[in-house]
Amino acid sequence: AQRVTQPEKLLSVFKGAPVELKCNYSYSGSPELFWYVQYSRQRLQLLLRHISRESIKGFTADLNKGETSFHLKKPFAQEEDSAMYYCALSGSGSGNTGKLIFGQGTTLQVKP
Amino acid sequence: KAGVTQTPRYLIKTRGQQVTLSCSPISGHRSVSWYQQTPGQGLQFLFEYFSETQRNKGNFPGRFSGRQFSNSRSEMNVSTLELGDSALYLCASSFGAKGGELFFGEGSRLTVL
Chain R
267 AQRVTQPEKL LSVFKGAPVE LKCNYSYSGS PELFWYVQYS RQRLQLLLRH
317 ISRESIKGFT ADLNKGETSF HLKKPFAQEE DSAMYYCALS GSGSGNTGKL
367 IFGQGTTLQV KP
Chain L
2 KAGVTQTPRY LIKTRGQQVT LSCSPISGHR SVSWYQQTPG QGLQFLFEYF
52 SETQRNKGNF PGRFSGRQFS NSRSEMNVST LELGDSALYL CASSFGAKGG
102 ELFFGEGSRL TVL
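Protein chains in written order, with this note's numbering: chain R, 267 to 378; chain L, 2 to 114.
If you are wondering where the hints come from, they were derived from the structure by calculation, not from laboratory data.
Be aware that a few hints might be false.
One-sided and incomplete, this derived list gives chain L residues near chain R with beta-carbon spacing under 7 Å [what the hints assert, rightly or not]:
hint, residue
1, His30
2, Ser32
3, Phe46
4, Glu53
5, Asn57
6, Glu83
7, Gly97
8, Gly101
9, Phe105
10, Glu107
11, Val113
Anything over 10 Å on all C-beta distances counts as not near chain R; from chain L, calculated [unchecked claim]:
hint, residue
12, Gly4
13, Thr15
14, Phe65
15, Arg68
16, Asn72
17, Thr81
In this text, a Cβ means the ideal position worked out from N, Cα and C, and glycines have one as well.
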């Protein structure tokens, strides 16, 4: 079954501390993985995707197919990073483009 | 450019009624997807339309249906409403390409009494 698991509902860190939001997935194939973020009173928006292999707002995520993980990391958290983070999976077929399987989300709270 | 627009933003219905939600995608986007968000189940995929054709469907009963018009605008309909249908319904649009970014609307919050 296709599934995305985010084990932490809430992650609370102090400003300047490293952050790692965990994401594990289950998919029989080669999925595409994404991180979406929702800041307070804003829309859900894309943060980054594994195929781009880029760093956005200091965040990076590496797809580990062996461990079926796609953890989101940032070396030094900022208060403006406080938000709800969703890990999401899309099937590898071209027909799965608009279909995302979301994790339950992790609220990141960065304390001053 | 204008973002994804969903109407109405809030609505209250009673059990047994039906509801129609509307979504206007970003200009040029041909794919529209719908998601249901609840505290218990999180974000769940309902269906996706691309060029007026349903391309994907989630595991929801037949009471949930949708369509897409030639201008890419989309509607979803829920018939015979149940209390459990109370949720935030999110619409997302994209160009429809593999691995593409989804742009989400603010959602329509449905309360069923």
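Okay, the hints, checked on the actual structure:
no.: 1; hint: His30; verdict: 10 Å, violated
no.: 2; hint: Ser32; verdict: 5 Å, holds
no.: 3; hint: Phe46; verdict: 5 Å, holds
no.: 4; hint: Glu53; verdict: 14 Å, violated
no.: 5; hint: Asn57; verdict: 4 Å, holds
no.: 6; hint: Glu83; verdict: 22 Å, violated
no.: 7; hint: Gly97; verdict: 6 Å, holds
no.: 8; hint: Gly101; verdict: 6 Å, holds
no.: 9; hint: Phe105; verdict: 4 Å, holds
no.: 10; hint: Glu107; verdict: 6 Å, holds
no.: 11; hint: Val113; verdict: 23 Å, violated
no.: 12; hint: Gly4; verdict: 7 Å, violated
no.: 13; hint: Thr15; verdict: 29 Å, holds
no.: 14; hint: Phe65; verdict: 15 Å, holds
no.: 15; hint: Arg68; verdict: 15 Å, holds
no.: 16; hint: Asn72; verdict: 18 Å, holds
no.: 17; hint: Thr81; verdict: 25 Å, holds
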